[in-house]
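Number of protein chains: 2
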Amino acid sequence: MNIYDVSKKAGVSIATVSRVLNGKPNVSAKAKDKVLQAIKDLDYTPNIFARGLGLNTMKTIGIMCSDSSDTYLANAIYYIEQELRKNGYDSILCCTGRDIDTKRKYLDLLISKRVDGIILVGSQFVFNDPSDDYGYITEAAKELPIVLVNGAIENDNIYSVLCDDHKAVYDITSTLLENGHKKIVYLYNSTSFSGMKKLNGFQDALQAYGITPQPEYMHFCSKDITCALQTLQDMDAVGLPFDAVVASDDLLAVGAIKYAHSKQLLVPEQLEIVGYNNSVLSKCTEPELTSIDSQVEQLSLAAVDTLMKVLCGDYVTHTSTISATIIKRNTTKF
Amino acid sequence: MNIYDVSKKAGVSIATVSRVLNGKPNVSAKAKDKVLQAIKDLDYTPNIFARGLGLNTMKTIGIMCSDSSDTYLANAIYYIEQELRKNGYDSILCCTGRDIDTKRKYLDLLISKRVDGIILVGSQFVFNDPSDDYGYITEAAKELPIVLVNGAIENDNIYSVLCDDHKAVYDITSTLLENGHKKIVYLYNSTSFSGMKKLNGFQDALQAYGITPQPEYMHFCSKDITCALQTLQDMDAVGLPFDAVVASDDLLAVGAIKYAHSKQLLVPEQLEIVGYNNSVLSKCTEPELTSIDSQVEQLSLAAVDTLMKVLCGDYVTHTSTISATIIKRNTTKF
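Protein sequence lines, in the order shown, are assigned to chains A and B.
Quick note on numbering: our numbering labels position 43 of the first sequence as 43, and the sequence is numbered without any gaps.
Quick note on numbering: our numbering labels position 42 of the second sequence as 42, and the sequence is numbered without any gaps.
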C-alpha cells in the first residue's frame, strides 16, 4: 500500500494526493473528496508523507551516482550534500557503478533505510536505448519521490532537472560553422540520456548548415585522454582533415590539445577545441580550455529545491531545464 | 554498555575481547577467562561483534570524508566502495565538510544507522594541533571499529592506513638538492596530519643537507591554482630567487607551471616542479607534471582489508604504512 495506490484509486495525481495530505491549498473540493475516500477505502496510513511533516522522518535523502571519482559527478554530489544540509537533511550516498543489478540493489537499500526521497545524479541511470530497463526506478517512485539530475522518466513521482545539453552543443557547433569551419570532429564518451542530447545537438547544427553528419567525424572514446589523442592521430593517419574539435567532456578535449602539441599545431589558430563541463582540467591545460559550463551547481541546487518542495507538498514542475553557458578561454578564436 | 567496557573490566585489549567473541585462536586461557567473567559480570550482550558473525549485521560500512569533490578523496571513496562491495558490504557515504560539529553529527548518524564499522577517509579528521578535538572519534570507537585513511589516533579500536608522506617529500627534496638546487619553494594547502608530515619531510631534507628552512620559501596556499601562481609571482616581485617548486598537491603544482609560462621560463630547464597525488591533472599540463603517487588505490584496499579482518576478529596491525612512489613526467630533469 502506498501513495501510488491512493493516487490510482482516487484517479488524481500523486502531487494532488500529497497536497491533500499536507493540507495545502490549490486542491479542488472534488479532488480532495476523492483522495480522502480513496484513503478510507484503502485503509491507507500516509506514512511516506507523514515523514515530510516530521512525524516519522529520518530527515535523510539518498543520493545515488554511478561513479564518485568522476569530476562532474563529484562536484554535483558536493553541492547537493551542502544544500541538503542547509535544509536540515542528512545525506546517504551510494556509488552504484554502471551495473544495473547494483543500481537496483542500492535503490532498495536506500528505501529500506527509510530515506525521505532519492536524488539520482548523472545521466548514467537513463539511456535512450530501447533495451534500457529503468523499471526499478519507477517501482521505487511508488514509495518515495525521486529526482533525476540529467535524466528524465515520465512518471508522476519522478522529477527532472536538466541541463540543455542539446542547445549548448548546437550553439557552439553553429558558432564554429559560422566562423568558417567545415571539418569539425565530435568526440563523445557516453550514450546516456545527456550524452545523446549532446551528440544530436552536434548533428542538428551540421544539418541546419546543410552539412550531412559523417560517421568518420563522430567518434566514441572511452573516458580518457589517450583515447581521444589516438583517435585524432588515427584520423590524421588516414588523411581525414579537421580544423576544430568539440568534445562531450573536458578530458577528451585535453586529448585534443595533446594531439595539437604532438603535431605542433597552433591552438586555436590551426585547431579550435571546445570541452564540456568546465571542470578544473580546463584551467590546467596550455592554452586553457574553452569549455561549456553545464551549470552543475545550479542543477544541484534545483534538484534539492525540487525535492524539498515535493516533500512539503508544494506545487513543483516535473521538469526544470537550465541553460549551459560557454566559458571562453584560449582554445577558441571567438 | 559496549565492547570497551568489557575490555576495561577484563583488563585486556578490545582485540582480545573480539577474538574471544569470535572464537578465534591465539587467546590465552587466562585472557579468555577474564573476558568471559567480565561479560558475565556486566551482563553484556555482544551485539556489535554479533554483527560480524552475520547475526545482527546490516553488512554496511559508513564512509566519511570531508569533501567528495576533492579529486584525491573522490578516488579513495571510489576504490573503498568497490572493495567493500566485493566483500559483500554496502556503503553509506557522508561528506562532512570541515566543521567539527558536522563531523560529530555524521558520525553519530552512521552509528545510529547501525553500520558495522566506519572508515574516515583523508587527513581532515586528525590535526597535529593541540587544540584539535577528536574525542568524538575515540568515543565512537567504543561502539564500533574505525579505520583512518591518512590519519592516526592511538586507540585500541582505531586502525590506521598511512602513506609515508614524510619520506616521499624528504626523498624528492633530497634528489633536488643533490641535483644542485639551492632555492626550493615548498607550497602546501593543508596542516592536517598528512599535511604536516609532508612539510616536515621538506624541512628535514633541507636540514640533512645543512640548509636552514626559511619561512619565505614555505608558503601556505588555499587549494587553488591562482593562489600558487600569485605566491610565486609575489616571491619574484620581492626578489626571492628559486629554481624548484615542491607542492603538496597537484593543483598547486599546476599554479607553478602557470607561473613558469607567465615568465616564459623553460620547465624543467629553468624551473623544476613536483606535484603530489598523481591526479588526472598531472596529465593535463604542458609539460606533463612529475608527481608523487600517494598510492590511493593501495591505501583504500588496505583500509578495507583491515576493517574486514577486525570484523572477523582476525589479528591485524593497528598501523599499516604504504610507501609513495614518484611518477616521473616532464617537469623534472631527473
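Read the hints as simulated data drawn from the structure, not as lab findings.
Beta carbons are placed, not taken as given, at the ideal position from N, Cα and C, and that holds for glycine.
Mixed in with the good hints there might be a few duds.
Output of the computed footprint for chain B on chain A, the stretches with three or more beta carbons under 8 Å from beta carbons of chain B [what the hints assert, rightly or not]:
no. : segment
1   : 79-87
2   : 251-265
3   : 283-297
Evaluated hints:
Restraint check on the segment 79-87 of chain A versus chain B: 3 residues with Cβ-Cβ distances below 8 Å, three needed, restraint holds. Interface restraint, the segment 251-265 of chain A with chain B: holds (4 residues with C-beta to C-beta distance below 8 Å; minimum three). With 4 residues carrying a beta carbon less than 8 Å from a beta carbon of chain B, the segment 283-297 of chain A meets the three-residue requirement, and the given coverage holds.
Of the hints listed earlier, there is not a single one the structure fails to meet.
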